[in-house]
Amino acid sequence: MRQLFRNTRRKGMRLRRNVLVVMLCVMSMGFVYALSDNVAHGVQINIIEVVTIDLVDAATITLTTVAPAAAGDPVTGTSDSTKQLRYTSLVGGVTVRAVQASITTGSVPAGTALHLEASSVPGGCGSEVVGGITLTGVAVDIITAIGSCNTTTADDVMLTYTLNIPTPALLDTTDSQLVTVTLTLTDAI
Amino acid sequence: MNRRYKYLLASSLIFIIAVQSVYSAPKLKLTLSPGYKGWTVTVGQADLTGGAGSDFASEYESPINETNLNITNPSGNWRMDVRKQDLNWHADIHLYIRRSGDGTGTGTISGGTVYQEVTDIDTVFFSGTGDRTTIDLQFKVSGSYASLGIPIDTYETTITYTVTDSL
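Heads up: the protein sequence lines correspond to chains R and C, in order. Take the first sequence: its letters are residues 0 to 188, numbered as in numbering that gives the first Met the number 0. Take the second sequence: its letters are residues 0 to 166, numbered as in numbering that gives the first Met the number 0.
The set of hints was computed from the structure by calculation and includes no laboratory data. Please note: incorrect hints may appear among the correct ones.
Unchecked claim - Chain R regions said to be covered by chain C (calculated; three or more residues, Cβ under 8 Å):
| hint | segment |
| --- | --- |
| 1 | 35-45 |
| 2 | 48-58 |
| 3 | 65-71 |
| 4 | 142-154 |
We treat Cβ as the ideally placed atom computed from N, Cα and C, and that holds for glycine.
Based on the provided sequences and hints, a complete structural model is requested.
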């Protein structure tokens, strides 16, 4: 009987303790609930595609043949490195671009060929085609692997034009031609 | 009625009163300016600083009162924290925030007036006491995306403000 009484008392004490714990939890929840609050909003940055290229100076350059210093030596042509190119490219994903060049109006004089080579491409803004290209009416890469970058307006790409004489027998000293070279920043195929 | 039942009845009444008092007391509240959707920056070719070869500006800034915060019913001292959670972000884009106004109210406010970077962890922004409303906020984001080689995309993050009653 005494044991039964003790058990009943213990159960009563446990019940009171459990009720007290629950009450404290509820009051604590309310206390915590009132301690902080938050709000949120978004920030969005949209970066849109950019593809722009320009020459620092688009004035006409003149290339000529050069008489050899000694009889029997080949005729050569002059070079010009005054043209500077700049571009800004922003692409997405795995897209890369290239600068291509071609003759879009006129023809070079008979017996000659126009050579173009790019150099001083800023790091991270493409790779120049080693050895350059011979310009024709078909656009060909002179700089490749251009991703998101800009050459800046201080470190321009240097363009060197050279008049080569592959077939001197066709040279006509009275011949003078004006050609237009077009440079295009385009998505690489 | 025996003692046990009296105890249960008394406990229940106290319980109900406690719950009632907790949920009907004025609660700390933080709100943004009504209807504010967020800050958006869009840059393209027209935004280059000098045409071909140039880059975007080194940073872009929101209007000085882009949005505002309102704090009501604090128990006394409070602290404002700020953090961001990225949905689609780039590691080379940095977001900054500052408090561009003191707001109004009977309370006080201090700190947060100099731009600080918003990071992925809660950082103290500013603090004060009492009610404070229309606390203006201004944002800034880093630029120069071309020279950093950042791809075109829509970059998004969520800024969360948390006000806490100081214990």
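Now for the hints, and whether the structure bears them out:
no.	hint	result
1	35-45	holds (count 11)
2	48-58	holds (count 6)
3	65-71	violated (count 0)
4	142-154	holds (count 7)
The earlier numbered hint that this structure contradicts is number 3, and it is the only one.
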